[in-house]
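Student: Protein chains in written order, with full-length UniProt numbering: chain P, 1 to 210; chain F, 1 to 210.
Chain copies aren't distinguished; within one or between two, either way the pair holds.
Pairs of lysine to aspartate or glutamate, EDC-like flavour, derived with a Cα cap of 20 Å:
#, residue 1, residue 2
1, LYS122, ASP156
2, LYS17, GLU49
3, LYS85, ASP154
4, LYS64, GLU49
5, LYS122, GLU141
Source of the hints: derived by calculation from the structure; they are not laboratory data.
Residues per chain, in single letters:
Protein chains: 2
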Amino acid sequence: MIEAGAPGTTGGVRLRKQIATRRAVEEAAWRLFTTKGYHQTKIDEIVQEVGISQRSFFRYFDSKEAVLFGDWRRDHEELARRIEKADPALAPLSAVRAAAMSTADLMDRDRLLVRTRSELTKSSPTVGGYYRQIIQPAWEEAVASALASRLGVDPDVDPTPRAVAGAAAGMLNAAVSVWVAGGCADLLTDLAARSFDVLNPPVERPTGDR
Amino acid sequence: MIEAGAPGTTGGVRLRKQIATRRAVEEAAWRLFTTKGYHQTKIDEIVQEVGISQRSFFRYFDSKEAVLFGDWRRDHEELARRIEKADPALAPLSAVRAAAMSTADLMDRDRLLVRTRSELTKSSPTVGGYYRQIIQPAWEEAVASALASRLGVDPDVDPTPRAVAGAAAGMLNAAVSVWVAGGCADLLTDLAARSFDVLNPPVERPTGDR
Numbered sequence: 001m002i003e004a005g006a007p008g009t010t011g012g013v014r015l016r017k018q019i020a021t022r023r024a025v026e027e028a029a030w031r032l033f034t035t036k037g038y039h040q041t042k043i044d045e046i047v048q049e050v051g052i053s054q055r056s057f058f059r060y061f062d063s064k065e066a067v068l069f070g071d072w073r074r075d076h077e078e079l080a081r082r083i084e085k086a087d088p089a090l091a092p093l094s095a096v097r098a099a100a101m102s103t104a105d106l107m108d109r110d111r112l113l114v115r116t117r118s119e120l121t122k123s124s125p126t127v128g129g130y131y132r133q134i135i136q137p138a139w140e141e142a143v144a145s146a147l148a149s150r151l152g153v154d155p156d157v158d159p160t161p162r163a164v165a166g167a168a169a170g171m172l173n174a175a176v177s178v179w180v181a182g183g184c185a186d187l188l189t190d191l192a193a194r195s196f197d198v199l200n201p202p203v204e205r206p207t208g209d210r
Numbered sequence: 001m002i003e004a005g006a007p008g009t010t011g012g013v014r015l016r017k018q019i020a021t022r023r024a025v026e027e028a029a030w031r032l033f034t035t036k037g038y039h040q041t042k043i044d045e046i047v048q049e050v051g052i053s054q055r056s057f058f059r060y061f062d063s064k065e066a067v068l069f070g071d072w073r074r075d076h077e078e079l080a081r082r083i084e085k086a087d088p089a090l091a092p093l094s095a096v097r098a099a100a101m102s103t104a105d106l107m108d109r110d111r112l113l114v115r116t117r118s119e120l121t122k123s124s125p126t127v128g129g130y131y132r133q134i135i136q137p138a139w140e141e142a143v144a145s146a147l148a149s150r151l152g153v154d155p156d157v158d159p160t161p162r163a164v165a166g167a168a169a170g171m172l173n174a175a176v177s178v179w180v181a182g183g184c185a186d187l188l189t190d191l192a193a194r195s196f197d198v199l200n201p202p203v204e205r206p207t208g209d210r
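Kindly generate the complete structure, drawing on both the sequences and the hints.
Tutor: Structure, rendered in structure tokens:
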């Protein structure tokens, strides 16, 4: 719906204003999280900083947890588009791998935010719940639907799309775990490549490995 | 700790009593869930049925959700043992696959219970939260530690054990999704085999598939 407004029209102005408000909310929230602490920050304080109403806040984010994770729905849509448009010659896992590497690249750039999110995901049941119950299943579902449309199969009948999506999520998460455990010192893209190589090696695996 | 008591000793008697009480709690709970409904059943009613105290209940289960999922910690220990003891010639994913097939086989036998759990996991945030935040990460952690000990690597440095564990979880879950979507009519072991075949084919994959 947001994408509908073309630049230069009233829709375009409204769109730009929405994006600006969304960003202002995120920035104010992160300032408060950093100075006061995530748990001590109330939504009331965030909206006061931005000068908007609570109601307006909830037009952009459904909770304080949602602000912490930014515009992840848009990131998932972008990921799905990349998978659908990837070279048709690529095997399903290779198409997901290529798309997931751009996610890893974004996380490398955002590593300070990612570390904070990851620590809160471990220490806070509400943040952990938001991540594990909302974001993670949505990632797998976005990847599985994109694969299902690539392969022309029904994901409720053929386990392939969900198997590949779940496997890719597992491998990407493994890389993120190691990355965070090492203080995000390495490049996540390198760790993700190692992690994907475990089951999706870039060269044929030697005979007798199984 | 429970395993410490040998049969015939006082420890053995205590162990048998503990197992019997645990089973009685599970049976009473499932009777009530089936007749009254899961949400309408209170822990108070379960303990009344069995004739034990609330305190005694909490020695076996940490919540009503925990009763619903049975003795999953013991199942995970068994899974880890199978992976550690599997033929050293097997590649990591093949060792996990073999162990996961016995999980699938158990679920085939318990399919009525699994369907109920799965429906409640979807419809109830507390049950869904217990599954996604407690059981699922514990499964992956049990598999990853077993693999780390098999491979002699530190899972916080080398992404391999968690990558394989996460990928295996993803593939097994994909099979369970399709199984439940089809009313558990097929054999889960068949669906799980199809799902694992996607990334871990039993024969060498043809050249040019990637």
